[in-house]
Amino acid sequence: MTCRELTEFLMDYLEGDLPEAQRATFAQHVELCPPCLTYLKTYQEAVDLGRSVCSDASDALPADVPEELVRAILATRARSA
Amino acid sequence: MTAASSGPVETAKRNEDGGERGLIARLRAGDDAAYEELVRSQGARMLAVARRFLRSEEDARDAVQEAFLSAFKAMDRFEGGSRLSTWLHRIVVNAALMKLRSRQRKPEISIEELLPRFLENGHFADPPSEWQQSADQALERRETRERVREAIDRLPENYRTVLLMRDIEGLDTAETAEALDVSPNAVKIRLHRARQALRGLLDEHMLESVA
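Protein chains in written order, with this note's numbering: chain A, 22 to 102; chain B, 3 to 213.
To be clear, the hints were calculated from the coordinates, so they are not data collected in a lab.
Positions of the beta carbon are idealized from the N, C-alpha and C atoms, including for glycine.
Just to be clear, a hint being listed does not mean it is correct.
Unchecked claim - Heads up, incomplete: computed chain A residues facing chain B, CB under 7 Å, no partners named:
no., residue
1, C24
2, P40
3, Q49
4, T59
5, E66
6, V68
7, R72
8, L90
9, R92
10, A93
11, I94
12, R98
Claimed, not checked - Pairwise CB distance ranges (calculated):
no., chain 1, residue 1, chain 2, residue 2, range
13, A, T97, B, R28, 16 to 24 Å
14, B, E159, A, Y34, 26 to 34 Å
15, B, D183, A, Q43, 50 to 58 Å
16, B, R79, A, E36, 32 to 40 Å
Using the sequences provided together with the hints, build the complete structure.
What follows is the structure, encoded as structure tokens:
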């Protein structure tokens with residue numbers, strides 16, 4: 022398995038979707054290849070960063086719905102009723 | 003009533019469920035105050051979702067408005083199998099996707115430029131380096147959060163959308179494929195490439211040493 026091949030199957034490996042034989046080859050390569058081990062770790066960290074930032078309630082969630090949006094939604098409902 | 007079903011958590015849940023059932027009944031009866039209550043209680047969360055997909059505040063608000071109108075029309079068909087908030091979440095994601103499809107595509111970077119490069123022998127052309135901090139440590143810096151949001155915004159739209167739907171909004175592969183009208187395999191490929199591209203875009207920032 023080359024480093025290129027490893028990166029192509031990385032997501033399947035992390036999600037447990039590789040067949041057992043392929044998984045063993047993959048794990049063996051990671052054990053012997055420092056750049057691939059680093060890539061795997063930083064890939065996981067990047068996924069964690071994306072999830073954490075976008076679900077950060079204090080940053081992303083507006084305190085209230087803008088009043089003009091509330092009025093627009095209710096007005097459109099009234100027109101279509 | 004058993005002890006297990008009469009504790010404070012269970013009582014709070016029953017109250018919440020009862021409150022939601024009451025709201026749904028009022029909505030179906032056409033109660034104007036109930037519609038306003040729905041918009042005010044759910045709108046902020048829905049706006050946050052729309053903003054993640056749409057780069058324009060105007061587009062995000064349009065999507066939320068469309069989502070609520072769709073929900074109002076479909077209220078009689080809401081069977082209550084999931085929570086209102088879950089149902090509305092799905093509707094606003096779809097509204098945001100429709101808004102994306104309706105807009106003219108701006109020129110964007112090719113995903114290939116954001117993926118790792120390899121030599122002919124399959125080795126990394128630029129071997130990756132260890133990041134100076136873990137995700138948890140890096141997130142303590144405001145700059146990191148801004149860089150992550152900027153990086154996600156820079157992803158080509160087809161890949162950014164899948165990343166948002168799978169990793170952020172929590173839809174599974176089948177749900178994402180159905181919403182985007184692509185195969186599940188296409189979703190998996192796009193997600194993996196999006197994650198790789200995100201990693202590449204964050205590399206420089208995460209390699210900076212922190213004093």
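Item to check | Hint numbers not upheld by this structure, sorted from lowest to highest | outcome: The structure conflicts with hints 2, 3, 9, 15, although it agrees with all the remaining ones.
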